[in-house]
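A.B. asks: Could you use the hints to bring the two separately framed chains together as a complex?
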Amino acid sequence: MAAHATDENTPVGEIAKPNTGWIWRTFFILVGITAVEFVFVFLMEPSTFRNSIFIVLTIMKAFFIVAEFMHLKHETKGLIWTILVPMALLVWLLVALVTEGSYVGEVLQNMFK
Amino acid sequence: MAQPTTLQSPAASATQDAPRTGNWDGGNEPFKASYGKLMMWFFLLSDAFTFAAFLTTYGLIRHKHEVFTGTGEFVFSTRWWPVPDRVFNAFPGLHGMDVPLGFVALMTMILILSSVTMVLAVEAGHRMDKNDVQKWLLWTILFGTTFLLSQAWEWSHFIHGTEKGMLMADGTTFHGANLAMNEYGPVLFADLFFFITGFHGTHVLSGVCLLIWCFIATTNGTFHKRGHYEMVEKIGLYWHFVDLVWVFVFTFFYLV
Chain A
1 MAAHATDENT PVGEIAKPNT GWIWRTFFIL VGITAVEFVF VFLMEPSTFR NSIFIVLTIM
61 KAFFIVAEFM HLKHETKGLI WTILVPMALL VWLLVALVTE GSYVGEVLQN MFK
Chain B
1 MAQPTTLQSP AASATQDAPR TGNWDGGNEP FKASYGKLMM WFFLLSDAFT FAAFLTTYGL
61 IRHKHEVFTG TGEFVFSTRW WPVPDRVFNA FPGLHGMDVP LGFVALMTMI LILSSVTMVL
121 AVEAGHRMDK NDVQKWLLWT ILFGTTFLLS QAWEWSHFIH GTEKGMLMAD GTTFHGANLA
181 MNEYGPVLFA DLFFFITGFH GTHVLSGVCL LIWCFIATTN GTFHKRGHYE MVEKIGLYWH
241 FVDLVWVFVF TFFYLV
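Protein chains in written order, with full-length UniProt numbering: chain A, 1 to 113; chain B, 1 to 256.
One chain only, chain B, in its complex shape (with noise of 0.2 Å):
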């Protein structure tokens, strides 16, 4: 009976043993970042080109709206887009005044402090320090969810709309908003505000799942284990993006 002639001869069985190394050999990191890191910035760059595709619609959609140029104060009005700060301007707890863009300002500063957060969580990874990695993390979690819970208080008045409402063709009124009329403006400003924030709050909500995971194998010593701390980095990446989806939401959505 003949050998099977793929056995592997002594000789090129001890040139497997060297790690490879060359170019061409799968044994270098392209760009100087592990496979992990590199991976997530092009989830990234792909996430990115969603988030810009719902910018880019919001963009042309507005674009296409009249504008309000009346003189005096500026009323809702399905003729022309609403202006940010009198739709976002209610803050809970206080009932009937006029905050504008309180709120979305408070939501900013949590989410740019949880990204604060959590580079320090990463930063102590870089040291193997387990006690800070866990309190930065909790900390991250703990920003993350207040985010959470401010953007459902933010929908919900958003839905349930303001005592003035619209008055209706037929006489009635309608208060809030959802996707088929809403009392601010045209019909897909309230459409474009539930996809793109319902979309970020995903993410958000995405983000606080991993971090939750990444806390509980920190505490397990997973990472210590493995010598490094190369999770918290990724997770890192991805928390870092949606506080950067954020700051451009912020702007598109609500200043400009």
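Here chain A stands alone, though its shape is the one from the complex (with noise of 0.2 Å):
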């Protein structure tokens, strides 16, 4: 009884080179984004225009963590949109909230005044 040569758990035949090159250039993208986030946060006095650099920055990352490496740049344009639609509608509760919260902290602070 011949000895099987290979195990069959053992990938057989050539294997591709591997194509990481878009994979570094992300990541060296997102390490780029976050330092310019950090050179922000010690150089600008906190004010709503630096918050608002930080949301467009985040939202930077955010597109190249789910378009490349979540790969959804590369699907389909239905679910693109499937997923892009709930969390437009989310960004807008997040900002009819921020107000509200904005309008109750001056109502509270200045009822006894």
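Some hints here could point you the wrong way.
[Claimed, not checked] Which chain A residues face chain B? A few, computed with CB under 7 Å, are given here: (1) F27; (2) S52; (3) G101.
[Claimed, not checked] Straight-line alpha carbon distances no greater than 20 Å define the calculated EDC-like cross-link-like pairs of lysine to aspartate or glutamate that follow: (4) K164/B with D98/B; (5) K135/B with E29/B; (6) K135/B with E14/A; (7) K73/A with E230/B; (8) K37/B with D47/B; (9) K130/B with E14/A; (10) K164/B with D85/B; (11) K32/B with E75/A; (12) K73/A with D98/B; (13) K234/B with E66/B; (14) K77/A with E29/B; (15) K32/B with D17/B; (16) K113/A with E66/B; (17) K234/B with D47/B; (18) K234/B with E75/A; (19) K234/B with E68/A; (20) K164/B with E73/B; (21) K225/B with E73/B; (22) K225/B with E75/A; (23) K130/B with E230/B; (24) K17/A with E66/B; (25) K37/B with E163/B; (26) K234/B with E29/B; (27) K37/B with E45/A; (28) K37/B with E68/A; (29) K32/B with E14/A; (30) K32/B with E230/B.
Hints are computed from structural coordinates only; laboratory data are not their basis.
All C-beta atoms in this analysis are idealised placements derived from N, C-alpha and C, irrespective of residue type, glycine included.
C.D. replies: As structure tokens, then:
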């Protein structure tokens, strides 16, 4: 009885060369954006303008993670919209409730003045 | 005795042999994605709702509180919301040194790196390269575990607090934080910290468990026999989502 020369669990035949350039490129973009965020934390005084910079940079990072790492950019249009539309509605909720929070705070802080 | 009417005629069973491919037969893949991947996407969408609810709550409560507008050095007070880089300025091994956001920067880097090793595992799976899948899964498990340990340290430091602490009305000093009181600011600040980073940490923990299982299955050759490494892809989607949530937690809890 001939012994099996190859284990059936190990790959046989040619294994293609890794194609990882795009992965590392995305990685350096993410690291770069995070570094820029840290520069703004220490160089700028807290303000609404600084916060908007952070939010824009965060959305950029989210885009690269979802589009490249999660591969959503290469899926069908239907799937992309299925994910994006509910998220866009949540942004609306967030903006509405943050505005509400400011109003509640203003009312409470000025109640006994 | 009458024959059961449900018996299929030979002609009917012959048509069953062909795969179903029509639009309404259930044989095609909506969005050209497999069932498993599609369901993972929808699960992640529902999970995003949960995290969005957390962050929206954070936004509302934060805007409800006063902002520190005084001149000079910021001090902790229950009157105003704390400035994050005054709260999170400790680093393991550098006791008493002021390293604003240093440790959280390191944690962010670790999580981004783990995301990269995860994509590398998925990429190796596409090439049916079992050894590479194993290698990159192990790196991802390592980075994920490191992140969890870092978060444990961060929590421990937050709970035990600074040496200065907060002077209470009865003359005693309170150090650190729990769900009912904290030395950094309003009560809800610590509550939100525990809930948001805790919920995210639970996700990382589940991810590490899935990855360990996935590594064992890869080593056993389960996916190789199956002919594809789609399971690595699905767990990868989950893992990137956890990284994505951290990107938002990082901005809204630590930077803004």
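A.B. asks: Does each hint hold? Answer for all of them.
C.D. replies: The hints, checked one at a time:
no.	hint	result
1	F27	holds, 5 Å
2	S52	violated, 10 Å
3	G101	holds, 3 Å
4	K164/B with D98/B	holds, 14 Å
5	K135/B with E29/B	violated, 32 Å
6	K135/B with E14/A	holds, 19 Å
7	K73/A with E230/B	holds, 18 Å
8	K37/B with D47/B	holds, 15 Å
9	K130/B with E14/A	holds, 12 Å
10	K164/B with D85/B	holds, 17 Å
11	K32/B with E75/A	holds, 8 Å
12	K73/A with D98/B	violated, 42 Å
13	K234/B with E66/B	violated, 43 Å
14	K77/A with E29/B	holds, 14 Å
15	K32/B with D17/B	violated, 23 Å
16	K113/A with E66/B	holds, 15 Å
17	K234/B with D47/B	holds, 15 Å
18	K234/B with E75/A	holds, 14 Å
19	K234/B with E68/A	holds, 15 Å
20	K164/B with E73/B	holds, 15 Å
21	K225/B with E73/B	violated, 63 Å
22	K225/B with E75/A	violated, 27 Å
23	K130/B with E230/B	holds, 13 Å
24	K17/A with E66/B	violated, 57 Å
25	K37/B with E163/B	violated, 50 Å
26	K234/B with E29/B	holds, 16 Å
27	K37/B with E45/A	violated, 44 Å
28	K37/B with E68/A	holds, 16 Å
29	K32/B with E14/A	violated, 28 Å
30	K32/B with E230/B	holds, 14 Å
Hint compliance for this structure: hints 2, 5, 12, 13, 15, 21, 22, 24, 25, 27, 29 are not met, and every other hint is.
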